[in-house]
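Starting from the known structure of chain X, fit chains U and W onto it as the hints suggest.
If you read the sequences in order, they're chains X, U and W.
Going by this note's numbering, the first sequence opens with residue 1, and the numbers climb by one from there.
Going by this note's numbering, the second sequence opens with residue 1, and the numbers climb by one from there.
Going by this note's numbering, the third sequence opens with residue 1, and the numbers climb by one from there.
Some hints here could point you the wrong way.
Unchecked claim - Far from chain U, by Cβ distances over 12 Å, these chain W residues were calculated: (1) Ala13; (2) Val100; (3) Leu123.
Stated by the list, open to error - Listed next, the in silico DMTMM-like pairs over lysine to aspartate or glutamate satisfying Cα-Cα at most 20 Å (straight line): (4) X:Lys121 / X:Glu176; (5) X:Lys127 / U:Glu260; (6) X:Lys509 / X:Asp55; (7) X:Lys121 / U:Glu481; (8) U:Lys182 / W:Glu120; (9) U:Lys182 / U:Glu260; (10) X:Lys121 / U:Glu480; (11) X:Lys121 / X:Glu389.
Rather than coming from a laboratory, the hints here were simulated on the basis of the structure.
Owing to the predicted nature of the structure, the values given are computational and were not obtained by experimental measurement.
We treat Cβ as the ideally placed atom computed from N, Cα and C, and that holds for glycine.
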Amino acid sequence: MWEHSSLLSWIVFLPVIGAVVLLFLGSAGQIKRAALLFSALPFGLSLLLLGPFLDGTVGARGAGYGDVYFQQRLTWIETSDRAFRVEYFLGVDGLSMPLVVLTTLITLLAVGASWNFEHWKTRRGLKGYMALLLLLETGMLGVFVALDFFLFYIFWEVMLLPMYFLIGVWGGPRKEYAAIKFFIYTLAGSVLMLIAMLAFYFYPAAGDRTFDILRLATDPKLHALFNDPATRFLGYPFGVAMFVLLFIGFAIKVPVFPFHTWLPDAHVEAPTPISMILAGVLLKMGGYGMLRFCYPILPGAGEYLCVFLGWLGVINILYGALCAMAQDDFKKLVAYSSISHMGYVLLGMAAMTQAGFQGAMFQMIAHGISSPMCFFLVGVIYDRAHHREIDRFGGLWLSMPRYGSMATIGFFASLGLPTLCGFIGEVYAVFGTFDSSVLSRAGGYNLLFGILAATGAILTAAYILWMVQRVYLGAERPEYAGYPDADRREMAILAPMALLAVALGVLPKQTLLDFVSNTLNGILQITPQMTTLAQGAAAGAGS
Amino acid sequence: MTPPLASMWMPSGADLRLALPELVLVGALAALLIVPLLGPRGARSAGLIALLGALTAGVAALLAFEGLPSGGLEIFRASGPSDPAAGTGMLVADSLGMFFRVLLMFFLMSVLIMWSLFDAPAERHPTEFLVLLVASAIGMALMTTTVNLLLMIIAIELASLPSYAMSAFDRTRRAAAEAALKYAIFGAATTGFMIFGASILYGLTGTLHVPGIARVLAGQASVPGFATTLTALALLAVFAGVGFKISAVPFHFWCPDVFEGASLPVATWLSVASKAAGVVLLVRLVSIFAEPAAAAYVAGVLPLIKYGVGALAILTCTVANLAAYRQTSVRRLLAYSSIAHAGYMLAAGAIIFPSEQPSAGAISAIVAYLVVYMFMNYGAFMALGLVAADRGSEDLDAFRGLGWRDAPTAAALAVCLVSLVGLPPLGGFIVKWWLIYALGAAALHSPFLWVLAGAVVINTALSLFYYMRVVAAMYLGAYEETGALRAPLSGKVALHLCAIILLLTGTLWIAPLKRNADGVAAAAYSPRSVNAGAPVETSISVAGSANVR
Amino acid sequence: MSERIRLALIGLAVLVAVTLMGLAALLSSRPLEAFAFSVFAGALVTSALAIVLTRDIVRSAMWLMGALSSAAGLYFLLGANFLGVVQLIVYAGGILVLIVFGVMLTGRSPFLRFDPRPAETALAALVGVLLFAAFSAVLLGSAWPPLPGAVPVRQAATVREIGRALLTDYLLPFEVVSVLLLAVMIGAAYLARPVRR
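Chain X extracted, bound-state conformation (with noise of 0.2 Å):
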């Protein structure tokens, strides 16, 4: 029953029209409910999809990869030849509908974040504001939905413009800077995907082309043709070149060490309820992108490359600590702990592993619900500061007490407390790495990169824990003793927040791990079919 559906359709283009609407309205206040209520309403739609996840479907079926519910699928383009023929094919599986719901969370909550906009610094054009929001929101669900290679590509820069627009009008003083730096960094690497794109067209004979994401997947005979090291792509294997090319592309977003200069500015000049979007879901498009494409239709690649991009990973982890304890504002701090926490993801994924897989998807979904949170909580004492440095600070939780509880509640979580959603990702992943027949098979890596990613714990601990101490404890100070504590609002927005991190971390099975483990373990069951490529480049090389 739960198969088809024009659902999907609905969920995504519900924000388009709440952004027409909004242009024929006037006053603030009219303007603000509507946003509202087209977020809200995606919301609550996408809480349908939970459907077959919870009534036993799914765990019925136990089918792996490629088994999609609320599919709809239709033509699109299609040339007189029918050469070329595009799809109109949405659909969700364990690895996006939890993105999804995440996704309609998030941007529900920073249109509530944005609900103070008349007194940020730039605060003209609400309505704009507004519409490029609901624009962005259909511009990210779109490239969670998407079956097509084609439609994902258009909803994945679709997104851009408006993102561009939301922190380069209405962002700090840099943000032009901000702006422009996100939005080259995040084009250059798709742009690499339609190389990729097309040349998973073409490789194929005449009648097999498609630009379908899960048949490039599961159809054996494009993946063995894909995973065959005797396929060449401009003299490389076939596979690891398109891997590298979807990778950088999909880095650039997570982002990946070389790649992550531009979060660090964007993060920092966005307002902040699109600092929370960045950091909730933008990030974790890169993530769903290698799970979706990377590691299902080329899984030899991946292997191939595991040593690799476990490095990438561990750097990450480390170099993104590191960079976080070294900052002075507290938004810089939240936004290079978030490359930390993505390291988690990429090194869960390189382990190729069940745990790894899962601790990966997990780390997404923990990451997008505390760095939200997080850069919401710097956000609510920047309204009244009007500063970030965090030495600043001092005593905040004697101030304000309820809001101290909930930054308490956002910072563990990100830390990685047992019991808050946190921990449960970095332990999966860092399990899963431990265990990785892939890491040990290309020499013991797997030792290595758990005992680093495990070191890469402390130090988080140490900078959440010292910038804890720098701001919420010790004397309370005069300056900040008048401020009013986080009102009913702000208390809204963090609140189920705070519960989400409670209820991962408590029940990590119930509320995650059983609707994304049928997916995931789909994905790691097309791998053995195709090590191949793995032992011929080591046979190439030794020869």
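Just chains U and W now, kept in the frame of chain X:
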């Protein structure tokens, strides 16, 4: 030797009907010169004559679509009984040529509208200007339909010489004269090259008929090594002339200066029409040489040209995009942008070689690209004109705060610019996609094209920066509060139409655009079908023209 | 060295060169043709060199006339009478006079000198040498006469044949050229008119 009967050498009625668009334009040219003598002078009546001429010519081209055989046919065939060139045509009438003429006439009308908005009111010499404009349009129309080297060179001259004069038309501006001189000298040099190349080809093969040249080359059993080099040299010299018209990179130096010195309508005209004509001519030449039969001989030459054209394309878009970074004048920025787009289109020239199917794919990509490119460039130049009319400056600073002062105009310009970058969901993305799609399809035969496709997409990312500088000026940053643009309403309407068309071609019209472009490409001239005397079969469906309007 | 001696030396050199050419020509089977070719070719090369080496622009133009006329002579030798005449009328007669007038009317002094910087000279020399090398390599190595299977080109079209070709087979280009000339005439007339402010 008796002189041939008139019926043997005078063009037939059918030929003349197929050349009706050019004839109408020549008529308009005459009318432009004669009517002022009879009474009505002034910009208004002259503009009206030109507009009517363009409209009639466009309609004539549109009607000529009907009944064109697939594969086209050669017209104005030589008939001299003793002439070696007997039986070969001067022009071809095919879907591609007709499509281009419709596009060109539509664009000519658009430019005339722009001229009447910005230049006409103060113009003292409307007749002279319009004669030059129409004459260059005739030259461009001929460029895209000729298959004779001699006529090709004359057509290029007919397109170029009036352009030199037009770019110096504002006699009060010294920069304009300097730019025009640069343009003319460059033009003369490349013409010299082209004639040199053409004469070598003639010497080698004894004919000026391009398919004939290809056929002679194809007939060679064994190829003396240096003849290959010589052929390649000659072909490259001919391509240099075309490269100059589309301002491909080593021949591009005139372009920014001329665009800056010339008036806005002239710059707009050159940015689209001249490049479009050059690209279509190049595609036609290349596709003739890529005929399978010819390809067998030219095996030695083809890779050279293919890599040459490909490298030229990469060089062109990269250099232009990098040079655009430093510009503060939006006019110069758009000039470099047009060079970059010429580079993208040039990339399609490298596709045509794998002698199988992809030829149609490349032509289709170019056709679609030209349609969308025309709208986005026209929109950008129109917006530039509107802003300049209001602020009296074409610098980036003139655009500051436009997004808040005049939201609709700014939004429409933003659409045009983002489309020029090539981002979805706008037409600019779709046509670039078709281009690299064609590259990908052909890359199966020639992996080099992956590099070319890579260069195109990376340049897309490169170009983002400078287009977004304009957008950033409009929306981001400080500005002074002033009202909406004081600019002609019809200009704004034209700009908005461009923006709407770009939105539509990027979403709902993707499939129709592609279908019609495919239709034009599939029925384009092919020497094989013409010279084999293939039966004249189905006429292509003229849905092809629907998207042009 | 006085003017007279120098003139005498130049005359002597020319005489020696021509005599040598004559002697060399006698060795060939068609001595007159060979001799005429040597004279025209020698004059062409000498004047071309002189164009480049002379600093005075008017003298340069005069040498250009020598070069163009010598080329016309070569055309006549090849039997391309029409081309030779056109060369003389259009280039030597028209364009050259135009250049000289242009120099005289625009230059601040009639003895305008042309002083390129060393770098420019070097660059020009480099380009020239490269082009020369490329062309001579290609031309010497090429398969002349035309490729087998090429449409035979008749030698030395007469004026009559050219005229007929222009009005029959090449009627269309001919007409297009008339449009071109019209446009150019209008453009030139407009640009040449004094600016009214």
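State the violated hints by number, sorted upward, taking the hints as numbered earlier in the document. Checked against the structure, the only hint that fails is number 5, while the rest are satisfied.
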